[in-house]
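Engineer: Here is what each chain is made of, one letter per residue.
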Amino acid sequence: MDTFVQQLINGLTVGSIYALIALGYTMVYGILRLINFAHGDIYMVGAYAGFILAAQLGFAANPGMFGLAVTLIGSMVIAGLIGMAIERFAYRPVRKYSRMTTLITAIGMSLFLENLFVVIFSPTPRSFPQLMQNQNYTLFGNAAISKTQILIFAVSIALMVLLQWVIYRTKVGTAMRAVSFNLNSAKLMGINTDFIIAFTFALGSALAAAGGVLTAQYNPKIDPLMGIITGLKAFVAAVLGGIGNIPGAVLGGLLIGAAETFVVGYGQNIGIPSTYRDAVAFSILILVLLFRPAGLLGSTVQEKV
Amino acid sequence: MKRILLTFGLIISLLTPLACVRKNEGGVSDNTGPIKVGVYVDLTGATAGFGQSTKNGIELAKDEINANGGINSRQIQLITEDDQGRPEQAKTVVSKLINQDKVHAVLGEVASTNSLAAAPVAQEAKIPMITPSSTNPKVTQTGDYIFRVCFIDPFQGAVMAKFAANSLKAKTAAIFGDVNSDYSKGLTEFFEREFNRLGGQVIDKQSYAQQDRDFKAQLTAIRAKNPGVIYVPGYYGEVGIISKQARELGITVPILGGDGWDNPEIWNLGGEAMKNTFISNHYSVDDPSPSIQKFVSAYKARFSGTSPDSLAALAYDAMYILADAIRRAGTTDPTKLRDAIAQTSNFLGVTGSITINKDRDSVKPAVVLELDPAGRKFIYKETVQPEGAAAAASPAAAAASPAAATASPAMAASPAGSPASAASPGKNTNSAPGASPAPTK
Chain A
226 MDTFVQQLIN GLTVGSIYAL IALGYTMVYG ILRLINFAHG DIYMVGAYAG
276 FILAAQLGFA ANPGMFGLAV TLIGSMVIAG LIGMAIERFA YRPVRKYSRM
326 TTLITAIGMS LFLENLFVVI FSPTPRSFPQ LMQNQNYTLF GNAAISKTQI
376 LIFAVSIALM VLLQWVIYRT KVGTAMRAVS FNLNSAKLMG INTDFIIAFT
426 FALGSALAAA GGVLTAQYNP KIDPLMGIIT GLKAFVAAVL GGIGNIPGAV
476 LGGLLIGAAE TFVVGYGQNI GIPSTYRDAV AFSILILVLL FRPAGLLGST
526 VQEKV
Chain B
9 MKRILLTFGL IISLLTPLAC VRKNEGGVSD NTGPIKVGVY VDLTGATAGF
59 GQSTKNGIEL AKDEINANGG INSRQIQLIT EDDQGRPEQA KTVVSKLINQ
109 DKVHAVLGEV ASTNSLAAAP VAQEAKIPMI TPSSTNPKVT QTGDYIFRVC
159 FIDPFQGAVM AKFAANSLKA KTAAIFGDVN SDYSKGLTEF FEREFNRLGG
209 QVIDKQSYAQ QDRDFKAQLT AIRAKNPGVI YVPGYYGEVG IISKQARELG
259 ITVPILGGDG WDNPEIWNLG GEAMKNTFIS NHYSVDDPSP SIQKFVSAYK
309 ARFSGTSPDS LAALAYDAMY ILADAIRRAG TTDPTKLRDA IAQTSNFLGV
359 TGSITINKDR DSVKPAVVLE LDPAGRKFIY KETVQPEGAA AAASPAAAAA
409 SPAAATASPA MAASPAGSPA SAASPGKNTN SAPGASPAPT K
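From first to last, the protein sequence lines stand for chains A and B.
Residue numbering for the first sequence follows the working numbering, starting at 226 and increasing by one per position.
Residue numbering for the second sequence follows the working numbering, starting at 9 and increasing by one per position.
No lab work stands behind these hints, which were simulated from the structure alone.
This one's a predicted model, so the numbers in the text were calculated from it and none came from an experiment.
We put the beta carbon where it would ideally sit given N, CA and C, even for glycine.
Some hints could be false.
Here are a few chain A residues that face chain B, going by a calculated C-beta distance under 7 Å [as the list claims (entries may be wrong)]:
no. : residue
1   : Val230
2   : Ala315
3   : Pro350
4   : Ser371
5   : Asn409
6   : Gly490
7   : Ile497
8   : Pro498
Now the in silico label distances, taken between C-beta atoms and shown as ranges [as the list claims (entries may be wrong)]:
no. : chain 1 : residue 1 : chain 2 : residue 2 : range
9   : B       : Gly313    : A       : Ile277    : 23 to 33 Å
10  : B       : Gln85     : A       : Asp419    : 27 to 37 Å
11  : A       : Val344    : B       : Asn188    : 23 to 33 Å
12  : A       : Val302    : B       : Ala309    : 19 to 29 Å
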């Protein structure tokens, strides 16, 4: 029982990160019908932004909650700006062409970001400084939860609530939903769709950056290719939940995180090697595409031609 | 959606690099001109710390040799290639070194998987290759042109099993290894065999893959079994995080490892979690023996105060052994050079007395070190002699050897040889070092 609860905590920690990244995939898809494959790399960019901020502002030397908050928010802002720039200079010029063109641009953008960071920072993994004193708490029995994990849950939940508020309670959120419903009609209603799309990219990128910094607090190793697998899994999470559906992305992220943790944690006793960790997410993707292409919470009627 | 995924898959498959191997054309001069030594290490990948240390060690040795007039009045020229820590890349760069740069000998890699990928290229071209620090037995089994100057995993795994059973009095152990690494697989096997032989029991085996970042699932499974020690035969990049996450889960038992942990990056990744952890290693930087201290101070002076890890020391020894063999062969003709390396006997290196045996491996003692995160250093615990190495380790042989084997400048000052061999003549078991390395601090 202890072990089960512990694995659940482990899985939900990983899952929260996937959920944060999946939100960006799903929001962009909801508005542009575009799978932004560069999104996983934005997560990496966010981690590096935090790494530089923490080093430059001296938070690495004297850790504390303040330094962590500044690093987190700072890297979210930087990643948000980079997300907007990518949209403005890479996606907007090709938006008027077929959807496939934009998709391939996104794949190109992903490779560009990865290799740009390899050139700038070299592929050598860096160790991210610990920005707060870690501490362990025992829940009941033997199940332990660390301060970092609590932080990951707290920040993830706060950001998701904030996102819901932005989308359903603010003017810009209403505009986002309108654009998602029908871009051309929204434009006719006087909505500045270019701004709304840029804003969506900024929002998604900031969430991914938060995921990057939080992950780096949990597993302090960052490298320019860290976004590939994590990004793909977050994408699977978005598809599982129903792409374009925001609560679905969160649910999908948590499910994928828990599923792979349970497979790794219990699988080796019944002969499934731990390297199947990555296979879990993609098996789920195949099953979802076969049996419920709209995802768990998605609706099937929205498909447009 | 299916179309999208199909496109993505196609693009990935197109990007997969294609390696090509060219035939050796020969035609290099074997008696005049610079001696070209190819070095292939990981300078930018996951084990870049190993590669950098190895490169430094080789360069230091090369500069010392060249400053002393070179070998048979020929200078050594190094050609260093980065394999990014990837086996396929290791194979490609070694092929380039041999076919394009026409090197006379190859030094490298650290990670056994990469050495195993590149060794067949050297073997096929009949160019001698010395790996400074790949410990998996299979590396030198590739062929008669492949050598190593470090001990092998059956010994290294047994050292830690003995330490766990005898010194830590552990009855049970769990092993947590890297499923894709030959180094890790070898150590897992030999640790388990020896630990069982000593009456212990391996109660759980879990695995991870390099580049994994979350290990809590496996560690939770290990915690449920409540082992006396956890053996993690991996590389520093993962081990630092594994220890951190293990301590976060409330696992307090000792964590043991091998020479793959020996990199300063482990302090950044693991921090305080590296308390109560122990590794087997090739030498201790705090060993007071004059030959070792001479090397340590030369290395520090050259590389801005960085103290040499065991990989740097082994690389330094590998370069000197190669130089010694070229000197004795009098030529860089591959066949004669190969024979000369194979005849290396009682060479007094920084990492101990090195004799290449019939399997082209070297038989040497190992040290057990304790990690000290507060001081960010490895503290010497004990020296373990290899079985059946009595002759090689005896002081008489060691004292006689400098004349017979070599005249490396670092060694000339200390004919007594390594403290390990001097302290315990002819003993096969764990031996507390009597005369020499007093625990540091």
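Engineer: If you test the structure against every hint from before, which numbers come out violated?
Structural biologist: 1, 2, 5, 7, 10 and 12
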